[in-house]
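A.B. asks: Next come the chains, spelled out residue by residue.
2 protein chains.
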Amino acid sequence: MNFDELALELHKKYKGKITVELRDNDELTREKLSAYYTPGVAAVSKAIVENPENLKEYTWTNNLVAVISDGSSVLGLGNIGPKASMPVMEGKSLLFNHFADIDSVPITLDVHSPDEIVATIKAIAPSFGAINLEDIGAPQCFEIEERLKKELEIPVFHDDQHGTAIVVLAGLINAMKVTGRELRDAKIVVSGVGAAGTAIIKLLSKYAQPRIFAVDSKGVISANRTDLNEHKKEILKYSNLSGIDGSLSDIIQGADIFIGVSRAGLVTKEMVGSMDKDPIIFALANPTPEIMPDEAKAAGAAIIATGRSDMPNQVNNALAFPGIFRGALDNGVKQITDEHKLAAAKVIAELVERPTTDEIIPSVMDDRLVPSIAKVIV
Amino acid sequence: MNFDELALELHKKYKGKITVELRDNDELTREKLSAYYTPGVAAVSKAIVENPENLKEYTWTNNLVAVISDGSSVLGLGNIGPKASMPVMEGKSLLFNHFADIDSVPITLDVHSPDEIVATIKAIAPSFGAINLEDIGAPQCFEIEERLKKELEIPVFHDDQHGTAIVVLAGLINAMKVTGRELRDAKIVVSGVGAAGTAIIKLLSKYAQPRIFAVDSKGVISANRTDLNEHKKEILKYSNLSGIDGSLSDIIQGADIFIGVSRAGLVTKEMVGSMDKDPIIFALANPTPEIMPDEAKAAGAAIIATGRSDMPNQVNNALAFPGIFRGALDNGVKQITDEHKLAAAKVIAELVERPTTDEIIPSVMDDRLVPSIAKVIV
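So the sequence lines, in the order shown, correspond to chains G and A.
At position 235 of the first sequence the residue is numbered 220 (the numbering used here), and the sequence of numbers has no breaks.
At position 251 of the second sequence the residue is numbered 236 (the numbering used here), and the sequence of numbers has no breaks.
Watch out, some of these pointers could steer you wrong.
The list cannot tell twin chains apart, which means a pair is met if one copy fits it or any two copies do.
[As the list claims (entries may be wrong)] In silico lysine-lysine, DSSO-like type, Cα no more than 30 Å apart, as pairs:
1) K0 - K360
2) K(-2) - K360
3) K282 - K41
4) K319 - K107
5) K282 - K31
6) K(-3) - K360
7) K135 - K107
8) K17 - K360
9) K282 - K203
10) K217 - K17
11) K107 - K134
12) K319 - K(-2)
13) K(-3) - K218
To be clear, the hints were calculated from the coordinates, so they are not data collected in a lab.
Hey, can you work out the whole structure from these sequences and the hints?
C.D. replies: In structure tokens:
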């Protein structure tokens, strides 16, 4: 189905997707207005002056996530800036509301350097209970998240990195069960080292230290290359410890798992045929995967996952982020750690009681997801 | 009534005052999610890339006002900072929703210099349809508003200045009718030259060029004083053109109108007695006026207005700002001009069909206010 027309029609009809309402649905008498605003509200402000922790007792910040982007790396659209990225961020706020009853406000930024983005987010941070960074390009997204995590006392989570990594790990845990493998013994090729690829490499490494090879448009990332920026050098801590050089078609030979967060059509049948027996293919390029599922199957793939909702095994961030933030807000968590991410991945995997080749990941509509994940974000 | 207890009780019960809901109340099918978020939303983003004006056709920004404060000058509380000021700003967002069906988000800032505040607001401006500055101290509020008005393409309105000035002018228009005066012939003393006092002086001057004298804690502001900062020197353009020196009790003699936005108990019965016949007293210090209404009446005041809801003639910003922003958003107005403010004041005054000493200003509950004001913000 082509969703473009429906999207334009719905957005035009409602003139946007979210709205602000009052929590108190009873009649707002003049007396109540004097309690919600001046003069009564002064008592509430004084209670927060006395103890800043009261902020979450008395204001909506206890349930509030800012979805923040500079529009520099929007899925399938690239660097479209703050205005054109607003519908995407407002959509993310809709998902927060729909899946996890979280109040969420989209904030799109007209600044783009890490210094300016960090300064702006720090300046507005007291207004929110948590921050979801979204669609900020690599490598600046890494510095931005790292600095904010250090400098703010509320959770900061770049969903393009960690949401994707959590769901990929969840899917791999079940794919290992289905194909009778152990992740720690696997050879894994990750194509694409932007936000998602990097986070996937780090999280898989943290989980089981498998043999990982990262590939960019120039080939395998190895210490022998002279064109690596700081960010790609950092990836060498988690990948290619044996120092192998080569192209994607070289390194994919004998691999157990291919994870693509790169571009459409990059993987050929021959490449799949050169992998280990019963290979696992996560072809996550959107909207067109690195290889189409039917081709991959024909070439011998045991399991294939994509980013698409019209194919089995959809790797979708919406499986993870609503529960992650629900837990962080409810449990007063101030940092989303690697342990939280690993725990969330395991919980997501466990929700599929009997994994099969066509069901390694639960449906995004599974209403056990949010409460189950929230419970482990403590 | 003491509103403190009710305020604490209500804020605790609801854990804040506002919440985000979805505009589309029908079932969110998987198909609709694909239109509201990826992949369908890309078509909406592309439409905004092609024409940035589409932002207001397709996103909630068309009905969205940010209430922004650094918490440096909160009514009756002073410089309490971003966290403790959040309940007040969230209350303002509640008023926007309640009176004008405007979506509003409170943003409290952890930065305080004009440069930092301007940079932060410019950075987040694409996220909103209009900006209401609130409770930012003088004189920095003047520079902040002025720079933002120049540099942004959405309306910026510092309500503590202009909301108050509009309602004061509305009240004075009717007070003139009741006491058979013309504003252009009046001698007016304004006590307090912070955000509100300054805006009142400028708007009255624009409306009728009456003789205005501004008074601060050191006495009448005059060109002979050597202690004036740039902001107070600016006030000399609109006041004390004859260069008179003296104290409040000197200058109030023979005045037709006293407007206090200063502090409790500043005005004595003797001062009121020394004014012109049937003097008009706007004693707007909150929560305790410069002189209590019964005292002022006993000393001969014809009309007295205060900021209090439990006394007649309440000068309340909520009479003006909901309609101002409703009009600005609906009519695509990019700047709130002096002409808009004058027009709004006239409309508010006209809503009182037969003004009397006890009714020069409509009730904040008058549901003609918002549509009537919105109509003249074009």
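A.B. asks: Please go over all the hints and tell whether each is borne out by the structure.
C.D. replies: Hint check:
1. K0 - K360: Only across copies: K0 and K360 sit 21 Å apart there, 36 Å inside one copy, limit 30 Å.
2. K(-2) - K360: between (38 Å within a copy, 24 Å between copies)
3. K282 - K41: So K282 and K41 fail the 30 Å test inside a copy (51 Å) and across (46 Å) alike.
4. K319 - K107: both (15 Å within a copy, 28 Å between copies)
5. K282 - K31: neither (64 Å within a copy, 34 Å between copies)
6. K(-3) - K360: between (38 Å within a copy, 24 Å between copies)
7. K135 - K107: both (11 Å within a copy, 25 Å between copies)
8. K17 - K360: between (36 Å within a copy, 29 Å between copies)
9. K282 - K203: Within. Shortest intra-copy distance 27 Å satisfies the 30 Å Cα cut-off; inter-copy 86 Å does not.
10. K217 - K17: Answer is neither; intra-copy 57 Å and inter-copy 38 Å both fail.
11. K107 - K134: both (10 Å within a copy, 24 Å between copies)
12. K319 - K(-2): Between copies only: 24 Å across, 39 Å inside.
13. K(-3) - K218: For K(-3) and K218, the Cα distance exceeds 30 Å both inside one copy (46 Å) and across copies (50 Å).
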